[in-house]
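So you can see what is in the structure, the chains are spelled out below.
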Amino acid sequence: MIIGANPTIDDGVKLGYRTGRKIADHTLRIGDDACIRFGSVIYGGTIIGNKFATGHNVTIREENVIGDGFNVWNCTTIDYGCKIGSGVKIHCNCYVAQFTVIEDNAFMAPGVTIANDIHPGCEHSADCMKGPHIETGVQIGVNVTLLPFIRIGAHSVIGSGAVVTKDIPAGSVVVGNPGRVICSIHDLKCQTGLTDQPYAHVLLHGSVDLEQNGR
Amino acid sequence: MIIGANPTIDDGVKLGYRTGRKIADHTLRIGDDACIRFGSVIYGGTIIGNKFATGHNVTIREENVIGDGFNVWNCTTIDYGCKIGSGVKIHCNCYVAQFTVIEDNAFMAPGVTIANDIHPGCEHSADCMKGPHIETGVQIGVNVTLLPFIRIGAHSVIGSGAVVTKDIPAGSVVVGNPGRVICSIHDLKCQTGLTDQPYAHVLLHGSVDLEQNGR
Amino acid sequence: MIIGANPTIDDGVKLGYRTGRKIADHTLRIGDDACIRFGSVIYGGTIIGNKFATGHNVTIREENVIGDGFNVWNCTTIDYGCKIGSGVKIHCNCYVAQFTVIEDNAFMAPGVTIANDIHPGCEHSADCMKGPHIETGVQIGVNVTLLPFIRIGAHSVIGSGAVVTKDIPAGSVVVGNPGRVICSIHDLKCQTGLTDQPYAHVLLHGSVDLEQNGR
Chain A
219 MIIGANPTID DGVKLGYRTG RKIADHTLRI GDDACIRFGS VIYGGTIIGN
269 KFATGHNVTI REENVIGDGF NVWNCTTIDY GCKIGSGVKI HCNCYVAQFT
319 VIEDNAFMAP GVTIANDIHP GCEHSADCMK GPHIETGVQI GVNVTLLPFI
369 RIGAHSVIGS GAVVTKDIPA GSVVVGNPGR VICSIHDLKC QTGLTDQPYA
419 HVLLHGSVDL EQNGR
Chain B
219 MIIGANPTID DGVKLGYRTG RKIADHTLRI GDDACIRFGS VIYGGTIIGN
269 KFATGHNVTI REENVIGDGF NVWNCTTIDY GCKIGSGVKI HCNCYVAQFT
319 VIEDNAFMAP GVTIANDIHP GCEHSADCMK GPHIETGVQI GVNVTLLPFI
369 RIGAHSVIGS GAVVTKDIPA GSVVVGNPGR VICSIHDLKC QTGLTDQPYA
419 HVLLHGSVDL EQNGR
Chain C
219 MIIGANPTID DGVKLGYRTG RKIADHTLRI GDDACIRFGS VIYGGTIIGN
269 KFATGHNVTI REENVIGDGF NVWNCTTIDY GCKIGSGVKI HCNCYVAQFT
319 VIEDNAFMAP GVTIANDIHP GCEHSADCMK GPHIETGVQI GVNVTLLPFI
369 RIGAHSVIGS GAVVTKDIPA GSVVVGNPGR VICSIHDLKC QTGLTDQPYA
419 HVLLHGSVDL EQNGR
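Respectively, the protein sequence lines represent chains A, B and C. Just so we're aligned, residue 219 is where the first sequence starts under this note's numbering, counting upward by one. Just so we're aligned, residue 219 is where the second sequence starts under this note's numbering, counting upward by one. Just so we're aligned, residue 219 is where the third sequence starts under this note's numbering, counting upward by one.
Any given hint could turn out to be false.
One copy or two, it doesn't matter: identical chains are merged, so the pair holds either way.
[Said to hold, decoys possible] Cross-link-like lysine-lysine pairs, in silico, DSSO-like; alpha carbons within 30 Å at most:
id, residue 1, residue 2
1, K240, K407
2, K407, K348
3, K269, K384
4, K348, K301
5, K307, K240
6, K232, K301
7, K240, K348
8, K307, K384
9, K407, K269
10, K384, K232
Honestly, the hints are just simulated from the structure, not real lab data.
My request is simple: use the sequences and hints to build the entire structure.
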């Protein structure tokens, strides 16, 4: 176990918990300035950057590679084998499935649940598990469900309670079950008078941005 | 920390946990006859009435003001700054967002998740966070999603899995994603022969009640 | 408390936790080869078979009767009075309501939440609580909501995010809110080329199977 400078680690925390899976390296590596709160369990074999902070009763499994500034709140589980960028925040009661990819600065609100097995109970399940790929800056609302294999384009906003079943272009706003794209993030208006467009500061690259520019 | 008479507090509980936020008063105040179970964490700076009971692995953050008879079950988080009346029961795996208001005798079934940020990632987010206002006696079914800002009228029943996106009149029954009002609670019939109308004992005041009286 | 041969029990676990409910027998009985992980609580008055394994922060209440090979993962609660067969797996952040019946080899993905009270707040609620009946081999996707009283036929697959409000025939595929049957499990095709039909190995008995045979 290798923990960086200046950690704050509560009692009632387990670090380097040993998985029953056979893995090459059981070492837990955490960067500087970690804050790990009462009730959380971090497995050996995972690498986490600087300024890592947890809430309570968080579980992070083995073979995850996680960047700087990772915040993860109460009762969330990060299952094994995920790649998570820097600046990612995952709120309470979420489940991140094995082999999910989450790019920098993505956010998940409470209750977001990710699937990685399109046909549970299939005899070939173990060979085709794959979580979604969530691109940079994506904002995912409360109680959202994400299906396996899908890719959610950069800076998209997934509305609370949506069930996302297919690929989403960058900068999209998605709602409903099944989730459907209803507009671009640049079409959203502020409802409280603090600004005009809540996502005006987001510069999109690619098709949605071009479409915006052409309007 | 000020705990009233006759508490039952398991080992493996944290009381008066200190928030990293700057608050005026870090004292935890709990009334008489509290029962706090293994794995739960209650932050300093919160006030809770008499006959408080938790399940396991509950987190209650700071600056909450909570009435008598509060029951909260396993793995639920009450985030900071909420106002919760008396006789409120919140079941397992729920998330109550900052600045939510819950009036007397409201009930949340397992998995209810509340949002308080209409545009996550907006640079003005911190200035417009506001949870919903849940009026007296509201009954919220399992896995329900509540959006920010909305007000749910007294004694409404929110069906399991609904996603409530706007204000709901008192005494409404709501289902679906997005949630829509399908009838009054007085239109619901008992399916098991134990009574005629399950909510006949609820006296509504205001438009829905008047509408009922006029039928 | 009666624990069988060869248990692996972490510290930070509570076994035989005493319910406040009046029950005839507070003994916890667990079979051979149990593995109970940090943070979990198993109440007295429950019977569990061999090869029982938990994740972290699991709660299993009293008066449950559970078969062999039961796996239950992080932050899931099994409430009291359930009957659970052998080979059942229940993933993270699930809630199994009182009086639910789950037959052999059923699977619940993360976030599955079960209701047992059709009219919460009714004065007769306590007399008509009843969870769903989940038949053998049913596969339930992430964030699925199950209503009370319903019966889900053997080997059905409930798609992620579905809200199941009524009985489902054996071998059905269900999606949406409210959940509707869209096809038989034998109509599903593999999307990754590992097989033709992911559920070809499932032999259904009854109407759906007969329909299949007649095609």
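Violated constraints from the hint list, given by number and in increasing order: When the structure is compared with the hints, numbers 1, 3, 9 and 10 turn out to be violated.
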